[in-house]
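Protein chains in written order, with my numbering: chain A, 1 to 169; chain B, 1 to 183.
The set of hints was computed from the structure by calculation and includes no laboratory data.
Computed from a predicted structure; not experimentally measured.
Ideal Cβ positions, reconstructed from N, Cα and C, are used throughout, including at glycine.
There is no bait here: all hints are sound.
Each computed SDA-like pair below joins lysine to any residue, with the alpha-carbon atoms no more than 25 Å apart: (1) A:Lys104 x B:Glu45; (2) A:Lys91 x A:Phe75; (3) A:Lys61 x B:Trp13; (4) B:Lys168 x B:Asp180; (5) A:Lys104 x B:Glu57; (6) A:Lys104 x B:Leu46.
Label-pair ranges, simulated between beta-carbon atoms: (7) A:Ala54 x B:Lys50: 42 to 48 Å; (8) A:Ala58 x B:Arg94: 17 to 23 Å; (9) B:Ala139 x A:Ala108: 33 to 39 Å.
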Amino acid sequence: MSTEPSPLPYRDTKPVGAADFYFAINATFRFLLQRFGVDGLRRYWTDLGTQYYAPVAAAWKQGGLPAIAAYWRAFFAAEPGAEVQVREDDKTVVVEVAVCPAFKHLRAHQREIVPCFCQQCYFLNEAVATPAGFTVRVAGGNGSCRQTFLARDDATPPQDFSEIREATC
Amino acid sequence: MLGVYDFCGHYEWTFEWLRQTGGEALVRQYWDEAISQDSQRHAAELILSKGIPGMIEYWGHTLEDEAAGYYCTTSDAVYRIDMHECPSKGFLIRNALQQYHDYCDHCLGWIGPLLRRAGFVVDHQHNHASRCWWEIRRADDPTPPSEPGGLAGEHDVRLLPDWDQTDKMDTYRRANDPDDKLP
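Bound-form chain A, shown alone (with noise of 0.2 Å):
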């Protein structure tokens, strides 16, 4: 693991992922979509943000829009076969996902995606992103996406989730 700094608030040793995770990831989802149903399954990514990435909340907090960029750069660099364009201007930070990782990999191995899939970049990132002080707008979805995060003020309109494609094998 290294010792330098990063925007990443867990390290591993190696530098990308394990790509068969992406079968887990899935897998999760439809079990708690099951038992649970939509509302659930938004409960779980919600607390998820909430908690488990409370750090990088912090460093979002602290940091700023510099920062938000920095975590998606190295976020999207240890997954595997991600093809991503992160930029950032004084007002917002823009994550273009050319080629999501898990659709990527999942496609690959034929496996049945969770329809809901790409609402958690919604769900997961504004637990992240609301303690910090801004919030993020996703666009797209089922393979390919934007997702921009400003600072949350009231002007902003809420995520309008016709805008969130479902996800097809």
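Could you slot chain B onto chain A? The hints should help.
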């Protein structure tokens, strides 16, 4: 999104979320239904159809991918793994992550039911410090677990000087369930 780089961290966190939501029974259902029967269906296909050769094929690929420090010993009758550096438990220890009371139970939680369906049982110990050993035999084979060094020679994890942390050791005999733990 949830990534695979820190997968073991949010996987372990999920166990405790499930326990608080639906008790230990829900955690066991998760390991069997979501992990054993869904996520790891490729392992099930190999092991159910090929037995020990399927185990060799599955764990050879998986443990290499996860950069594990391990050694496998195989014969027609037994498949043994000596895990010297478990990559997932090691990740949790290095990052000081613990929500659920016994992360190591998850392995038998998903592998145990799969092996039961395939007609195998497990002799196993884990020391909660990234080290464990497994001997998998057919359920109708009464052979007891090997003595230290008996199957894996110098690679037997039980020969390591820091193996026997007796206040932490969990032991299983002919098991298929994480709750088969010996007292």
